[in-house]
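Enquirer: What follows is each chain in one-letter form.
Number of protein chains: 2
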Amino acid sequence: MTICMYDLAGADPALRFSPYCWRTHMALKHKQLDFQTIAWRFTDTEVLAPYYAEGASRLVPVLTDDKGVVTDSWAIAEYLEEAYPGQPSLFEGEPGKRHARFIKFWTENVLHPAISRMIVLDIHDCLDPKDRAYFRGSREKRFGKTLEEVVADRETTRAEFLKTVSPLRSVLKEQPFVSGEGPAYADYVVFGAFQWARAVSRFEIVPADDPVNDWRDRMLGLFDAYAATFPAA
Amino acid sequence: MTICMYDLAGADPALRFSPYCWRTHMALKHKQLDFQTIAWRFTDTEVLAPYYAEGASRLVPVLTDDKGVVTDSWAIAEYLEEAYPGQPSLFEGEPGKRHARFIKFWTENVLHPAISRMIVLDIHDCLDPKDRAYFRGSREKRFGKTLEEVVADRETTRAEFLKTVSPLRSVLKEQPFVSGEGPAYADYVVFGAFQWARAVSRFEIVPADDPVNDWRDRMLGLFDAYAATFPAA
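In the order they appear, the protein sequences are chains A and S. Here our numbering is used: the first residue of the first sequence is 1, the next is one more, and so on. Here our numbering is used: the first residue of the second sequence is 1001, the next is one more, and so on.
Derived from the structure by calculation, the hints contain no laboratory data. None of the values given here were measured: they were computed from a predicted structure. Positions of the beta carbon are idealized from the N, C-alpha and C atoms, including for glycine. Check the hints yourself; a few may be wrong.
[What the hints assert, rightly or not] Lysine-lysine pairs mimicking DSS-like chemistry, simulated, CA-CA at most 25 Å apart:
id, chain 1, residue 1, chain 2, residue 2
1, A, K163, A, K173
2, S, K1130, S, K1145
3, A, K31, A, K67
4, S, K1141, S, K1130
5, A, K163, S, K1163
6, A, K145, S, K1163
7, A, K130, A, K141
8, A, K163, S, K1067
9, A, K29, A, K67
10, S, K1163, S, K1173
11, A, K163, S, K1031
12, A, K130, A, K145
13, A, K141, S, K1163
14, S, K1029, S, K1067
15, S, K1067, S, K1031
[Unchecked claim] Some chain S residues close to chain A (C-beta under 7 Å, calculated; not the full set):
id, residue
16, G1093
17, R1101
18, F1105
19, G1180
The following block holds chain A by itself, in its conformation from the complex:
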């Protein structure tokens, strides 16, 4: 049985924008595994319901293969590492994985909220019409304001964001990838955040002359420019 990933999609089913799903896309390419993706939308909760305890069935990626089902991008990475030990390693050992966890949380706690404040309205506008009411309602509740208000001053958000990415920028001045000389899972985690923005928004979150942008270009070029072949806004 082929490896399958349920992957969040926009109105255009080729538009794939979930930062968590992008981690898994890149992890599967890194491990040189064949896979197919299944376009999934926020309101397709019944599709994922069998894989989740009640109520939580709105989370992708979900990965299925002939051995079973794995949910959660980090657990999927750990699973791939274990299930396919002969393929290139995502963490290069336990110490790499333990350290990568910090980068994962930095991405989720710092990068994602900042990027979200720049692109959340663009995400909404890319969605399948059936997803829009759910998305607007849940995100406006989270932010405590309308999506239009959230992004109204995104130039200011960007200025703060560009300060926030300073540890990433400093690392990339010393080594070509977050994980070292070559890309590994920590890169895919951070790249997921940038790919999220690229998919849905024309708002440039990083200036062209930033070392972070050079790294993003390197990431887009990996695996025969795999990520670059997906639709961008």
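Got chain A sorted already, so can you dock chain S onto it with the hints?
Expert: Leaving out everything else, chain S in the frame of chain A:
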């Protein structure tokens, strides 16, 4: 020849507060190496001059042993790892080191500036009188205001700081140390920042019920409570 470290000291020569030197203290203990420290003060530039190109002689730690001299805390860690391969590893291999670099830059670019804004006046007050004019002049130039003005609203700085440490807090909910099941160099880098504050200031930068505080206590307890035996404010 014994390993020696030039270590920044306060008016009380036993008071050791440099976050960079604390990395090296802990790294030397981790590697189970005997060493002695030499109390050094900001104005002792002539002492370090032989080890530096002109003008840069105000940076510690500097480590000397029978093989030579190493400056810069990261370079010292790499040196110890290479020169004493039979001792416990600081990075547990190249992937661990490459990932730890991100944590180093996060500490330097995010934690240090925030902590500095809470304790810079306390640092000043701990210094040997001969160091105070240099310290006040250089730091007030950096901040563009008096030391008193910098720390005037440190409760607000702390509230921001406690948000900023969120990736660290998240990691420590999943594993007992930044580096995983046991402490390694990434822990010492982050711990250096906290030990800096502990040495000079009674202002509690982290509340007692924060998982970050539990980790700091674990760090203070390592190597027969080595770090805890040093003077605290």
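Enquirer: Take the hints in turn and mark each one as holding or not.
Expert: Hint-by-hint comparison with the structure:
1. Proposed proximity of K163(A) and K173(A) is supported: the alpha carbons are some 15 Å apart, at most 25 Å.
2. Under the criterion of a C-alpha separation no larger than 25 Å, the hint pairing K1130(S) with K1145(S) is consistent with the structure, at around 22 Å.
3. Pair hint K31(A) plus K67(A) holds up; C-alpha atoms about 17 Å apart against a cutoff of 25 Å.
4. As the CA atoms of K1141(S) and K1130(S) are separated by approximately 19 Å, the hinted pair is consistent with the 25 Å bound.
5. Taken as a hint, the K163(A) and K1163(S) pair is honoured in the structure, with Cα atoms around 15 Å apart against an allowance of 25 Å.
6. A hinted pair counts as satisfied when its Cα atoms are at most 25 Å apart, and K145(A) with K1163(S) qualifies at roughly 21 Å.
7. This hinted pair checks out: K130(A) and K141(A) have alpha carbons roughly 19 Å apart, not beyond 25 Å.
8. A threshold of 25 Å between alpha carbons decides the hint, and for K163(A) with K1067(S) the separation of about 40 Å lies outside it, so the pair is violated.
9. Distance restraint check for K29(A) and K67(A): the Cα-Cα separation of roughly 19 Å lies within the 25 Å cut-off, and the hinted pair is therefore satisfied.
10. Between K1163(S) and K1173(S) the CA atoms are separated by roughly 15 Å; this keeps the pair inside 25 Å, and the hint holds.
11. With a C-alpha separation of about 35 Å, the suggested pairing of K163(A) with K1031(S) is violated against the 25 Å cut-off.
12. Restraint check for K130(A) and K145(A): the C-alpha separation of about 22 Å stays at or below 25 Å, so the hint holds.
13. Proposed proximity of K141(A) and K1163(S) is supported: the alpha carbons are some 21 Å apart, at most 25 Å.
14. With a C-alpha separation of about 19 Å, the suggested pairing of K1029(S) with K1067(S) holds against the 25 Å cut-off.
15. With a C-alpha separation of about 17 Å, the suggested pairing of K1067(S) with K1031(S) holds against the 25 Å cut-off.
16. Hint status for G1093(S) relative to chain A: holds, with the closest Cβ pair at about 6 Å, below 7 Å.
17. Taking 7 Å as the C-beta cut-off, the interface hint given for R1101(S) holds, the closest approach to chain A being about 5 Å.
18. Using the Cβ-Cβ criterion of 7 Å, the hint placing F1105(S) at the interface with chain A is satisfied: the shortest such distance is roughly 4 Å.
19. About 3 Å separates the beta-carbon of G1180(S) from the nearest beta-carbon of chain A, less than 7 Å, and the hint is met.
Checked against the numbered hints listed earlier, the structure breaks hints 8 and 11; every other hint is satisfied.
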